[in-house]
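With chain A fixed as given, assemble chain B onto it according to the hints.
Chain residues, written in single-letter form:
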Amino acid sequence: AQRVTQPEKLLSVFKGAPVELKCNYSYSGSPELFWYVQYSRQRLQLLLRHISRESIKGFTADLNKGETSFHLKKPFAQEEDSAMYYCAQPTGGFKTIFGAGTRLFVKA
Amino acid sequence: GAGVSQSPRYKVAKRGQDVALRCDPISGHVSLFWYQQALGQGPEFLTYFQNEAQLDKSGLPSDRFFAERPEGSVSTLKIQRTQQEDSAVYLCASSLVGTQSTFSYEQYFGPGTRLTVT
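In the order they appear, the protein sequences are chains A and B.
Under this note's numbering, the residue at position 104 of the first sequence is numbered 104, and the numbers go up by one with no gaps.
Under this note's numbering, the residue at position 28 of the second sequence is numbered 1028, and the numbers go up by one with no gaps.
Here chain A stands alone, though its shape is the one from the complex (with noise of 0.2 Å):
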């Protein structure tokens, strides 16, 4: 079955220190990936699409095929950085699929 791992569901750092959320993928087939976020008391949105390869609020992401990963990564954290992310995929069809989502809390 097509999986989107989220390996971490909680991730913890300091204001200004490095970030890396992970995120592998199954389904070869579809090149498009994609980094949904979700704020307190806030709908689920998109942060950023492989396609678009932009930077988005400081936040990057590569596509690497050979490690089937779309890590997202930002260099200095911001505690308003604090929100729930989600990983997902198009397989092709209709169907998109989410990983399970990692909270990220930036401590002051």
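No wet-lab data here; the hints were simulated from the structure.
Cβ atoms here follow ideal geometry from the backbone N, Cα and C, with glycine treated the same way.
Treat the hints with care, since some could be wrong.
What the simulated footprint calls covered on chain A by chain B, stretch by stretch (three residues with Cβ under 8 Å from a Cβ of chain B suffice, anywhere in the stretch; the number is not a length) [said to hold, decoys possible]:
no. : stretch
1   : 15 to 22
2   : 43 to 49
Over 10 Å on every C-beta distance to chain B, these chain A residues come out as not near it, computed from the model [said to hold, decoys possible]:
no. : residue
3   : Q6
4   : D62
5   : T68
6   : K73
7   : P75
8   : S82
For chain B alone, kept in the frame of chain A given last:
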């Protein structure tokens, strides 16, 4: 403009009751998705509509679950004879275009309906 809206925001149902959850997508959005999110999990795909056509219902967990989008805009997810395992947040998302290729578009999510079955 307005985003995706869902109603009710919270629903408590007794086991065995039927429930109907409503989703109002962003006007003009072709695609509409329903997801189920259990506590501590990511959203799990239930079904997909392109306009009024339900093109994928592979994620519906049983025949107690039924979704419709008769005029290609508002959608309703109905759960018959609710069970405790149906307790979850039900998310609706819409997208501007269809997803017929491996390239898919950003999904805009609603706030969700939290269903609790007692």
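With 10 Å as the threshold, tell me whether Q6(A) passes as away from chain B on beta-carbon distances. violated (8 Å)
Does the claim that T68(A) lies outside the interface with chain B hold up, using a Cβ gap greater than 10 Å? Check passes; 16 Å lies beyond 10 Å.
Please verify that the nearest CB of chain B lies beyond 10 Å from D62(A)'s CB. Nearest chain B Cβ is 19 Å from D62(A), so the label holds.
Would the non-interface assignment of P75(A) survive a Cβ cutoff of 10 Å against chain B? holds (25 Å)
Verify this for me: three or more residues of the stretch 15 to 22 of chain A with a beta carbon less than 8 Å from a beta carbon of chain B. Violated, because only 0 residues of the stretch 15 to 22 of chain A bring their Cβ atoms closer than 8 Å to Cβ atoms of chain B.
Can we confirm that no CB of chain B comes within 10 Å of the CB of K73(A)? Label holds. Min Cβ-Cβ 20 Å, cutoff 10 Å.
Examine the stretch 43 to 49 of chain A: at least three residues should have C-beta closer than 8 Å to a C-beta of chain B. Coverage by chain B holds for the stretch 43 to 49 of chain A (5 residues, Cβ < 8 Å).
Just double-check S82(A) for me: nearest Cβ-Cβ distance to chain B has to come out over 10 Å. Its Cβ never comes within 10 Å of chain B, the nearest being 18 Å, so this holds.
Violated hints, listed in ascending order, are 1, 3; each of the other numbered hints is respected by the structure.
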